[in-house]
Amino acid sequence: MAQALDTRAEPTAVLRSRRSWRGWGFVGPFMAVFALVFLAPIAYSIYLSVFREKLVGGNNFVGFQNYSQALSDPQFWEGFGRVALFLVIQVPIMLGIGLLVALAIDSGRLYGKSFFRISIFLPYAVPAVVAALMWGFMYGTRFGLIGNINRALGTDLPDPLQSGLVLPAIGNIVTWEYAGYSMLIFYSALRVVPPSLYEAAEIDGAGQWRIISAIKLPAIRGALVIASIFSIIGSFQLFNEPSILQSLSPNYISTYYTPNMYAFALSFNGQQYNYSATIAIIMGVVTMVIAYVVQLRGMRREA
Amino acid sequence: MATTAPVSDVAAERRSARRKPPMLRARKPTRDRPRRSTLLTILTGIVLVYSLVPLLWLVINATKTQANLFSSFGLWFSGEFALFTNIRDTLTYGDGEFIRWFGNTVLYVVLGAGGATLLATLGGYGLAKFNFPGKSAVFAVVIGAVAVPGTALAVPTFLMFSSMHLTNTPWSVIIPSLISPFGLYLMWTFSAEAVPKDLLEAARVDGASEFRTFWKVSLPMLAPGVVTVLLFNMVATWNNYFLPLIMLRDSSWFPLTLGLKQWNDQAATAGGSAIFNLVITGSLLTIIPLIAAFLLLQRYWQSGLSAGSVKE
Amino acid sequence: MITRTRREAFRMAAVGGALALTLAACASGGETASSAPGSAAPDAAARMQAALEKGGELSLWAWDPAEKDIVAKFQKDYPKVKVDLQNVGTGNDQYTKLQNAIKAGRGVPDIAQVEFYAIPQFSITKSLTDLTQFGAGSLDKTFTSGDWGASKVGDQILGLPQGAGPMVLFYNKAVFDKYGLTVPTTWDEYVAAARKLHAADPKKYITADNGDSGFTASMIWQAGGRPYRVDGTNVTIDFANPGTQKFTAMWQPLIDEKLLAKINPWTDEWFQALSDGTIATLASGAWMPANLEGSAPKASGDWRVTQMPQYEKGQSVTAQNGGGGLSIMEASANKDLAYAFLHYAAVGPGAQSYADTGEFPTQNAILNSPEFLNAAPEYFGGQKINQVLSKAAANVAPGWQYLPFQPYANSIFADTAGQAWTSSGTTLEQGLTGWQDASAKYAEEQGFTVQK
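Chains as they are written, first to last, in our numbering: chain A, 1 to 303; chain B, 304 to 615; chain C, 616 to 1067.
Just so you know, these hints were derived from the structure itself, not from any lab. Do not rely on the hints blindly, as some may be mistaken.
Unchecked claim - Partial pick of chain A residues on the chain C-facing surface, computed with a CB cut under 10 Å:
#: 1; residue: S20
#: 2; residue: F51
#: 3; residue: L55
#: 4; residue: G140
#: 5; residue: G154
#: 6; residue: I233
#: 7; residue: S267
#: 8; residue: F268
#: 9; residue: Y275
Beta carbons: idealized from backbone N, C-alpha and C, even for Gly.
Work out the full structure, taking the sequences as your base and the hints as a guide.
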């Protein structure tokens, strides 16, 4: 069918650069809902952030007072530092695993590669709630897998949720959920590299490592940048996993464990809607700036 | 992080791949298959084990009774094989609320993910194929908004929806899930790649309306992209937790994620008995439809992800 | 979902096990309070009667399973009234949703289950209806003075109490016998028993405590500490008082010597530990028996109950742990009918039905009824436990106040005081000071005047 249409199209190949409102017929519905569920609440958040409502004394305009308070709020910075640490450690590990597996599968040297591909991707289909509940069970020293191991081997591994290992424990869950997903992104990017490139390189005598560094990695740089940006956004918005594990580890997962949890607790436990909105806006701006910088860097290298 | 954007990126990569030096491309391709490597298989197998063991744990423990759950080794079957009892109990517990939650989830997925895919497809197509006033602003705004954390929007959205009488109704979950900025981004680049401009011009010359052209000519070509966006939107909606957590208070509107969390917390409620066996079995039942969808639609989404394959 | 505060929020909910059946069996003839709203002021009574006859719909938010029976019974007696009972979450979860609804100005129920500790918070935002207008003032002799006082803020009556939680000590007699422990009457003896037990079997602990705001507050209450003082919008938060110090000095060694099992209450693990003797005692509210029976059935016959250990020999002081009732929301459009239900649930037939499900009642008439006092559940080896519990109810020390933002303060307990249960090296006293400071900071941000 495409072929038939193609022939008919030939005589009238005209470049259109005319601006018209017709495009809005397609973009309009998306933008209308977008305005309702994104723009309006953001505008409302900004409005909220310059007020402060108190249990005693009512609602008052406070200008940028909420912002200055947030910037000197140790609890906010503690949470911020924690997700930043999470970002610089967990994200490279997760993307690294994803990349290595993608390269391994793409190399064609694996036995049963489609089994690998689909199996390693599967955890992505597991809801974060289920993943956190499941790992929460497994982490237990009394009844969980760690307990099983301790009893079997006579070791004394600590319960990661009852010690300083909470952050790595959360990192592990997130890595488990998303390593396969990043693998798939990288693998898909690798697949569209024309095989002739590799074959030619092999004929030129290039080894596997050389092919990876000279052809494959440059070819998927864009995918790496995109995956990094999403991971940055994901890390800064960390909420589900720590929030679900909190009931197992209340003394180690504070209400301000991540900025997102802090914002949630402020508004839903503490009725501090205004301050909560402020924290969320600051995090949004920080996330945008960092994502933008990563994108710029990624683009520059590509050029 | 449930996104689909990488696809578009793949499409972009494909373009750059095509720009590779002609010298290399000119060589005659040879067709020898690389040697299989046991070592590499074993190394990758470590990641495989890491990915599958928790799922295995879930399957194994779904066969245990509540009493057995915590007194047996986690990674092997033990005691009475209670899988079917567990499934029956899961489906009937609390007047069959699990089935109710399942139905809600399906409703949210069909309307939320389906609607999101429709809006993203239309919008992405519009961005790719039309030049209209405000076009550059649209994308800047959409991408900028993505970086704002969900909590920033949660409270204002809650208050807004509340004044619109929407909280504690299915709409409060469905409407926000209608927006998938990444889906929009994906469909934009995908449409740009997959639908040749001449084809559209031809249809226009024939006098077809823009929407008719879209349905009859473009949509079939966008199918792999649409399926991919739909699948990933499905995952996002199926796994949605934060939004319903805020919006819903009546458990009869809960999706599975909230319902399972409620069952899990029930053990920590005075008067509530521990039903971890049902939480585990319910979790297993929750992930099966998604895994099945991914397995069954493999061909579509894999080609959708490797956008370039459409034309090759 | 903020589950940490859940732990202290469950206090009043309970299921009926064999105990409930026992009570139900003897309750049939025990009509203990007026079942019609006749004890209210005459005109209010007439209004309620009219409202009941006219009928209508009421929405009720409650998580306590006992409310289900009460609603069913009520609707049977007054078929024209339809009560829509919703469980929107336990404790703090419900308060959060309630506050959100109040803030949004929509979806507020007519009636809500509100625990004593949350009443001041809703009072500050003027979200609860003062029940004096319905003549509730005449009910002051109906309930125990502690429960009645906890339902009031100043002169306002902001709820009718349903369940109480005077603190008592539950102990596993089988474990005590096996290790030759004597039932402690003082805290010194308690600590000694803790050491002896753990030394004899390192897998056994005197009790489980991983940091719990409700338990800690009640323990301070019993020790004579009154960290919170509230007078309108003037708030004093001070944990540096002798009562608090008495508690911390006694409890700190238990933490330091690792004599407490680090198990979060209400978890499955906790109930297992209560079943298998890992945990030998439990200082808790009088609503606990039904929970033990329901969730630790294997330990039937092992547990007994006694009065709380004392700081000075010969004293008999205890505190309240949990408890609460039903309140009418200010936003309700049908307050006459709402009060008619409240009266039915807390004063009328609902009160007995509440007690029948194994909860600990608040009405003097029920507490003193022979059926109640002579119940001897098998689970407790035939001990007449209600006699112990009723005695404790009479010994609750007066003068405790909750903060007008207690649910929030409890939600940050683990952030601050909870550190004393971690390996961070924070002492209980330092942790409580941190809690005090964080609570005071919040109070100031919310416009309260904080006295140092």
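Now the hints, each set against the structure:
no., hint, in the structure
1, S20, "violated, 42 Å"
2, F51, "violated, 13 Å"
3, L55, "holds, 4 Å"
4, G140, "holds, 8 Å"
5, G154, "violated, 15 Å"
6, I233, "violated, 23 Å"
7, S267, "holds, 9 Å"
8, F268, "holds, 5 Å"
9, Y275, "holds, 8 Å"
Violated hints, in rising order: 1, 2, 5 and 6; the structure is consistent with all others.
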